[in-house]
Amino acid sequence: MNKGMSEIVKSISKIVFPFIMVFGISLILYGHVTPGGGFAGGVLLTGGFVLLLLAFGAEHAFKIFPRKIAKSLDSIGALGFLSIALLGLLGGAFFLNFLPKGRLFHIWGGGTLLFSNIMIGIKVGSALFIAIATLSMARLVHIKKGLKYRQSEEEK
Amino acid sequence: MTVNMLILVTLMVFMAAGSVIAIMAKSLTSSIVSMGTAGLILSILFLLLGAPDIAIVQVFVEIVALVVLLSIIHRESSADMSSSGIYAGITLVIFAVFLFTFMLHFKEMFRPFGEPAITMGAGYLSSSVTHLKAANAVTATVLDFRGYDTLGEATVIFTAVIGVLVLLRTRGRSDE
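Chains A and B, in that order, give the protein sequences.
Position 45 (the first sequence) corresponds to 45 in the working numbering; numbering is contiguous.
Position 60 (the second sequence) corresponds to 60 in the working numbering; numbering is contiguous.
The hints are simulated quantities; they were obtained by calculation from the structure and are not laboratory data.
One or more of the hints may lead you astray.
What the hints assert, rightly or not - Derived DEER-like restraints, expressed as beta-carbon distance ranges:
hint	chain 1	residue 1	chain 2	residue 2	range
1	B	Val20	A	Met5	53 to 59 Å
2	B	Lys26	A	Phe94	42 to 48 Å
3	A	Glu59	B	Ala65	36 to 42 Å
Ideal placement from N, C-alpha and C gives every residue a C-beta, glycine not left out.
Could you put the whole structure together from the sequences, leaning on the hints where they help?
Written as C-alpha cells, this is what we have:
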C-alpha cells in the first residue's frame, strides 16, 4: 500500500475522521438551535471524506463512501427537500411549516426545519464529495493527436 | 411618471435592445458583448428595485461569462479584438450621461444612509422566535421564510454536480 500520503498523515486522519463526522452531524441536527445548519454541516462532512481521499487515495475513500451511494444520496437529498416543500401543500401552501413548532432551544423546535436541515446536509455533503472526487481524478493523457481525457481509476 | 420610473423604463428598453442585438448580430464577439450589456443593465435594475445582493451576484456572473466566452472565441477564431477610437468615445459619452443623471437624482433613487430599503428583516427576526420556535434566525430564514431561495440553491448544486459528472465521464465519449 504505497498509495496516498505518509504514515503520519494516515494515522492522524484515521483519528480525526470520526470527530469530523460527529461534529458535522451535530451541526446538521442542531442547525436551528445553534449556529450552523445543513449547508455548513454538509460541507464539513465533505471535508472529512476529502481528508480520507487525500490521505489514503481515491480507492480507499470510495470504499468507505461508494460513488453509487453518493450519487443516490445526492438525489435523495434534493427530492427530500422538495417533498418537504410539497408536503406543505397539505396545509395549504408551498413551503408551509406544517409540523407542530415544539419548544424553543430544543431539537424538536421549529417544525420542518430539522428535516430540511438533514436533507440539505445529505445533499450538499454527497454532491460536493462527488464533484471534488471526480475533479481530483481527472487526468489528461497524451495520444497521437493532442490530449485526451480520462479518469485516473483506469490506470493500471 | 416619476424620474425613477423613467429610468427603469429606459434601462428596460436598452436591455431589450441588447438582447435583440445579441440574437441578430452576425459576429459572435458583438453578440456576446451585447448579451453582457443586457446582463449588466439587469443588475442595475436589481439594484434600483432594492435587491442589492442579487445585483452583486448578477454583475459577477455577467463578468465571468463575458470573460470566459470572449476567451473561448478568441482562441477558436482569430477575431480582431482591437477597436477604433470612435466607438470608445461614444461609449465614454454614454457612460458620462448615465453617471451625470445618476448623480443628479441620487437622493430620489436611494434612501438616506442607515435606512435600509428592505424592512422585512425585523419581522423575520421576531417571528423566528415567537412563531417558529427556532433559536437560530439564520436557519429559520433560509429554510422557512425564504425556502424558495434554498430550493434554487439546491437545484444549482445538483445541476453543477451533474455537469461535472457529464463533462468528466469516461464511458460513451465520441473520441474513443
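Evaluation of the provided hints:
1. B:Val20 / A:Met5: 53 to 59 Å: 56 Å, holds
2. B:Lys26 / A:Phe94: 42 to 48 Å: The hinted range 42 to 48 Å holds for Lys26 of chain B and Phe94 of chain A, with Cβ atoms some 45 Å apart.
3. A:Glu59 / B:Ala65: 36 to 42 Å: At 37 Å between Cβs, range holds.
Checked against the numbered hints above, the structure breaks none of them.
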